[in-house]
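> Counting from 1, position 31 in the sequence shown corresponds to residue 31 in the numbering used here; the numbering is continuous, with no gaps.
Hints are computed from structural coordinates only; laboratory data are not their basis.
C-beta: ideal position from N, C-alpha, C; glycine also.
Where hints are given, some of them may not hold.
[Stated by the list, open to error] For each label pair, taking beta carbons as the anchor points, the in silico distance ranges come out as:
hint: 1; residue 1: ASN55; residue 2: GLU210; range: 52 to 60 Å
hint: 2; residue 1: GLN29; residue 2: ASN227; range: 37 to 45 Å
hint: 3; residue 1: PHE239; residue 2: GLU121; range: 46 to 54 Å
hint: 4; residue 1: ARG11; residue 2: GLY188; range: 28 to 36 Å
hint: 5; residue 1: ARG31; residue 2: TRP79; range: 39 to 47 Å
[Claimed, not checked] The list that follows gives simulated cross-link-like pairs (lysine to aspartate or glutamate, DMTMM-like), each with its CA atoms no further than 25 Å apart:
hint: 6; residue 1: LYS161; residue 2: GLU76
hint: 7; residue 1: LYS99; residue 2: GLU1
hint: 8; residue 1: LYS99; residue 2: GLU33
hint: 9; residue 1: LYS161; residue 2: GLU85
hint: 10; residue 1: LYS99; residue 2: ASP174
hint: 11; residue 1: LYS99; residue 2: GLU76
hint: 12; residue 1: LYS99; residue 2: ASP147
hint: 13; residue 1: LYS99; residue 2: GLU127
hint: 14; residue 1: LYS157; residue 2: ASP97
hint: 15; residue 1: LYS161; residue 2: ASP147
hint: 16; residue 1: LYS161; residue 2: ASP18
hint: 17; residue 1: LYS161; residue 2: GLU215
hint: 18; residue 1: LYS157; residue 2: GLU171
hint: 19; residue 1: LYS161; residue 2: ASP182
hint: 20; residue 1: LYS99; residue 2: GLU69
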Amino acid sequence: EEIEQYEAGFRYYGETWDAQVAIFYNDFQPRQESVVYRDFTDPSCVDIGGVPEINTCPEVREFFTRGVENTGVEVEATWYPRFLEGIELRGNFVFQDPKINGSNYRTVREIRENDVIVGYEFEEIGEDGRVPRRLADTMINVQGSYDLMPVIGVPLKPYFKYTYFGERYSESRDLDVTLYPDYFHFDGGFIWDFNANLALQFHVSNITNELSFTEGDPLFVDLKGPNGATNRGVARPLFGRRYRAMLTWYF
1 EEIEQYEAGF
11 RYYGETWDAQ
21 VAIFYNDFQP
31 RQESVVYRDF
41 TDPSCVDIGG
51 VPEINTCPEV
61 REFFTRGVEN
71 TGVEVEATWY
81 PRFLEGIELR
91 GNFVFQDPKI
101 NGSNYRTVRE
111 IRENDVIVGY
121 EFEEIGEDGR
131 VPRRLADTMI
141 NVQGSYDLMP
151 VIGVPLKPYF
161 KYTYFGERYS
171 ESRDLDVTLY
181 PDYFHFDGGF
191 IWDFNANLAL
201 QFHVSNITNE
211 LSFTEGDPLF
221 VDLKGPNGAT
231 NRGVARPLFG
241 RRYRAMLTWY
251 F
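My request is simple: use the sequences and hints to build the entire structure.
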């Protein structure tokens, strides 16, 4: 395996805000895989009625890597507004363009007429240029909190979190491909520190009760519909609105 990675950027720290921007590039090349086919164009093949007897043709082993190349930019920022003491806003934004490379290889396909083999042809198979499975090109995370202690004298901190994922593919192959739609979910709650030893947290996940899918199941390899043409997608749903209360005692 081989990983080549470069990153460059800058950071800024101010009185009320700070930010950092990074441009990145990485190239991941895994261990080589191989495929074996028989070269029906080789003159040593036995010819039967103009059609080579494929089992008499020499074997050819072809290697490929199926790596991933990715270029993108990541932005992080934090803001502490001076006009509202106790508020903190944070954001993380990732925009990337991941592509599969080095995955193409050759194989041999039968040519049939009336279910009789009349010849062979080479077939190029691969995923070069496709997006790796489950990987979104856009990811956004925004968080905010408000420490009310300086305002009302109560150690109460409400907070929120917004998360967004762009479209993702379940697979980069030709089979069993499902396109999962982009989605977001909005969470929020509060933390109440009664004293140094006791705290209460109330949290609501997916406040707007969004409906979507997060990822698929790669264990399934045959998802064709009853008609043999359409595809049945398998996905894990985004959980609906949930409530959680937690009391913590530090000792």
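> Can you confirm whether the C-alpha distance between LYS99 and GLU1 stays at or below 25 Å?
Between LYS99 and GLU1 the Cα gap is close to 17 Å, so the pair holds against 25 Å.
> Hinted pair, alpha-carbon criterion (25 Å max): LYS157, ASP97. Please report holds or violated.
37 Å, violated
> That 39 to 47 Å hint for ARG31 and TRP79 (C-beta), does it hold up?
45 Å Cβ-Cβ, so the 39 to 47 Å window holds.
> Holds or violated: LYS99 with GLU69, Cα cutoff 25 Å?
Since the Cα atoms of LYS99 and GLU69 sit roughly 5 Å apart, the hinted pair holds (cutoff 25 Å).
> Should the hint that ARG11 and GLY188 are 28 to 36 Å apart at their CB atoms be regarded as holding?
29 Å, holds
> Need the status of pair LYS99, GLU76: alpha-carbon distance at most 25 Å?
24 Å, holds
> Would you mind confirming whether the straight-line C-alpha gap from LYS99 to GLU127 stays at or under 25 Å?
Holds. LYS99 to GLU127 sits at ~9 Å (cutoff 25 Å).
> Could you grab the alpha-carbon distance between LYS99 and GLU33 and see if it respects the 25 Å cut-off?
18 Å, holds
> Take the C-beta atom of ASN55 and the C-beta atom of GLU210, compute their distance, and say whether it sits inside 52 to 60 Å.
Holds - the Cβ-Cβ distance for ASN55 and GLU210, about 56 Å, lies within 52 to 60 Å.
> Would you mind confirming whether the straight-line C-alpha gap from LYS161 to ASP18 stays at or under 25 Å?
19 Å, holds
> Can you confirm whether the C-alpha distance between LYS161 and GLU85 stays at or below 25 Å?
20 Å, holds
> Within 25 Å, alpha carbon to alpha carbon, are LYS161 and GLU215?
21 Å, holds
Consistency with the previously given hints fails for numbers 12, 14, 18, ordered from lowest to highest.
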